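Participant: Residues per chain are reported as follows:
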Amino acid sequence: MPALHAFANPARFLKIARPLTPVLFWAGAALALFGAYSGLVLTPPDYLQKETVRILYIHVPSAWLGMGAWSGIAISSLMYLVWRHPLSNLAARAIAPAGAVFAALCLITGSIWGRPTWGTWWEWDGRLTSMLLLFFVYIAYIALARADADRGGDGRVPALFGVAGSVLLPIIRYSVVWWNTLHQGQSIGLTSSTIDRSMIWPLFFTLGGFTLFFGGIVLMRMRAMLAAQKVEARMRRMAQ
Amino acid sequence: MAMKAKHQRLVLAALALVAVLGAAGLALSALKDQAAFFYAPGDLVGKPVPADKHVRLGGMVQKGSIQREADGVSIRFVVEDGVSTVPVTFRGVTPDLFKEDSGVVAEGRFAPDGSFIADNLLAKHDERYMPPQLSGNQHITQSLE
Amino acid sequence: MNHWAFVIAAYAVVLIGAGGLAVASYLAMRKAEAAADAMKGKK
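Chains as they are written, first to last, in the working numbering: chain A, 1 to 240; chain B, 241 to 385; chain C, 386 to 428.
Just so you know, these hints were derived from the structure itself, not from any lab. None of these values were measured; they are calculated from a predicted model. Mixed in with the good hints, there may be bad ones.
Restricting the straight-line Cα-Cα distance to at most 35 angstroms, the calculated cross-link-like pairs of lysine-lysine (DSBU-like) are [said to hold, decoys possible]:
id, chain 1, residue 1, chain 2, residue 2
1, A, K230, A, K15
2, B, K303, B, K293
3, A, K230, C, K416
4, A, K15, C, K416
5, B, K303, A, K50
6, C, K425, A, K230
7, A, K15, C, K425
8, B, K244, A, K230
9, A, K15, B, K244
10, B, K287, B, K303
With these hints in hand, go ahead and build the complete structure from the sequences.
Facilitator: So this is what it looks like as structure tokens:
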């Protein structure tokens, strides 16, 4: 895989990452803010939930990123286990804290949405419980990766954990199908949606915006880790 | 030499993946019934839950079934899922979204006569979202607000 | 129940959470890259 090996070179990666970071970040922020504004002001209330439906425009992207980030970790971890790309180990560690934040935002916005609609801040149904589990798994991964790096480990154990944790993703996705849950079923499929056209469009802006924003954040974290590695390597050489 | 090692790692990674998925699959099938958040009326046909066991019953509030009792606080209604029905009594504050032809999850226990005595109600809504003018004549009927 | 209060609370949480993540990540990157650049000068 010659193309991928090119990106394994940190210098090449940084050459692309440096200009790309502000582009992703600001484009993402702009789209997300416009989507949020539209969702708050430009769309009608729901026939049943009235104004609380507006939380949809920020809850869904948070869930999407909370889960999508872990698939990023799983893929990077797999690449590290099989091809030993040094950058893929870094990518997984860079993604994790950001993914954890969005998983937490998903749970919090979901709870705030649940109180006036379902009548409860929290229930142990299949969807909510498995998503909470994913958040804990993020925390465990972050701790594991940190401990492994501090001890001079090669990153294989966290990578295995990164792959194994992905089993939660289909569980979260299908929880509302397999079991009776309080959480409603899927509203958006690849070809169709149960959200009316007059109400769905801000979601495309927040979904796209948050994703680009997330990309910018991950690049920032990877750049920080690469710079720290450079300093550490230089210190080690100077100490010899 | 490099090819062989990479091949080994690929096989190991694949084996780890299979093991994890297998374990998860086993755990899931063991969890199947316990993971349900509520019983639907149809689940109970021929398989009644013993009275006095604290459970949840979920389904749709049958149209026209909400009745306010004489004491002004208790209500009766019927939960249905297209397969079966269960009459429910409840005393307390209902959630904002509790209405006829809408979803509900009742927590409580079954009385010996097969009716359900609820001590808590949660509203459940489906995945459809639309503006009020598109909802037709749904929800113009009795609401408890 | 005032529904708008819940909506505003949710949007505020996301703004603070995402904003906080952005600030923390940016500051970490700036600090690390500044240290690496300083090293380059020293030899």
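Participant: State for each hint whether it applies.
Facilitator: Status of the hints after comparison with the structure:
1. A:K230 <-> A:K15: Given that 35 angstroms is the threshold and the Cα spacing comes to 15 angstroms, the pair holds.
2. B:K303 <-> B:K293: 28 angstroms, holds
3. A:K230 <-> C:K416: 13 angstroms, holds
4. A:K15 <-> C:K416: Holds, at roughly 19 angstroms.
5. B:K303 <-> A:K50: Cα-Cα ~21 angstroms, so holds.
6. C:K425 <-> A:K230: At roughly 10 angstroms apart (the allowed maximum being 35 angstroms), K230 of chain A and K425 of chain C satisfy the hint.
7. A:K15 <-> C:K425: Distance ~17 angstroms between K15 of chain A and K425 of chain C Cα, so the pair holds.
8. B:K244 <-> A:K230: 31 angstroms, holds
9. A:K15 <-> B:K244: 33 angstroms, holds
10. B:K287 <-> B:K303: Holds, because 26 angstroms separates the two Cα atoms, which is no more than 35 angstroms.
Comparing the model with each earlier hint shows no violations; every hint is respected.
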